[in-house]
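*Asks:* Here are the chains, one letter per residue:
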Amino acid sequence: QQQVKQSPQSLIVQKGGISIINCAYENTAFDYFPWYQQFPGKGPALLIAIRPDVSEKKEGRFTISFNKSAKQFSLHIMDSQPGDSATYFCAASLAGGTSYGKLTFGQGTILTVHP
Amino acid sequence: DAGVTQSPTHLIKTRGQQVTLRCSPKSGHDTVSWYQQALGQGPQFIFQYYEEEERQRGNFPDRFSGHQFPNYSSELNVNALLLGDSALYLCASSFGGWGTDTQYFGPGTRLTVL
Chain A
1 QQQVKQSPQS LIVQKGGISI INCAYENTAF DYFPWYQQFP GKGPALLIAI RPDVSEKKEG
61 RFTISFNKSA KQFSLHIMDS QPGDSATYFC AASLAGGTSY GKLTFGQGTI LTVHP
Chain B
116 DAGVTQSPTH LIKTRGQQVT LRCSPKSGHD TVSWYQQALG QGPQFIFQYY EEEERQRGNF
176 PDRFSGHQFP NYSSELNVNA LLLGDSALYL CASSFGGWGT DTQYFGPGTR LTVL
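Note that the protein sequences, when read in sequence, are chains A and B.
Going by the numbering used here, the residue at position 74 of the first sequence is 74; the numbering climbs one at a time, nothing skipped.
Position in the second sequence (from 1) plus 115 gives the number in the numbering used here.
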């Protein structure tokens, strides 16, 4: 019940295209859903995050879409650029209690944007 | 404003040895979480420290232990190293108040066990 499943494992997009990465979760008690970007040899960097009380959040070229009933959320990268080539992780955490602040990560998606 | 810092950057140990990794949180943060990231995998939660105590723990054996100091910095100790402990060890800091979930990660320590 603590799993977060991410797809696809890898994604190739042309410059200017839209990159879409999907995640599904089982535990309905999750209430915080961040996306992280990781470059080789670096730690994950927070991109954008959402809570279940909204269905969409946009920050610049990055948008999270959230479907509470389907227990799915996705990251959309508009106008993808070669500099966006990195590994992307979705994650989820619980509101409180003994598991407060524990992030459960998906397996990651390697995004390659061709010029 | 310095972000999360970790030391050392890289470390090579042999099986059976012990290792200590260090983390300094982002300014203003009082909570430190440790994660293990195997090659090609997502980070796995090890444990979290708040107010110098282990607040919660993931599914890791007792060989993994930690400590948080009064200045909020933290150490991760791993005893009796196994080949499978080879990974990138990430430290993340956050503010421990309720409703604040944002965790900021450091660059990690790459541990290789031979």
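No lab work stands behind these hints: they were computed from the structure.
Watch out, some of these pointers could steer you wrong.
To be verified - Below, in silico cross-link-like pairs of lysine-lysine (DSS-like), each with a Cα-Cα straight-line distance of 25 Å or less:
(1) A:Lys71 to A:Lys15
(2) A:Lys42 to B:Lys128
(3) A:Lys42 to B:Lys141
(4) A:Lys57 to A:Lys68
(5) A:Lys58 to A:Lys68
(6) A:Lys58 to A:Lys71
*Asks:* For every hint, state whether the structure bears it out.
*Replies:* Results of checking the hints against the structure:
1. A:Lys71 to A:Lys15: violated, 30 Å
2. A:Lys42 to B:Lys128: holds, 21 Å
3. A:Lys42 to B:Lys141: holds, 16 Å
4. A:Lys57 to A:Lys68: holds, 14 Å
5. A:Lys58 to A:Lys68: At roughly 17 Å apart (the allowed maximum being 25 Å), Lys68 of chain A and Lys58 of chain A satisfy the hint.
6. A:Lys58 to A:Lys71: holds, 19 Å
Comparing the model with each earlier hint shows a violation of hint 1 alone; every other hint is respected.
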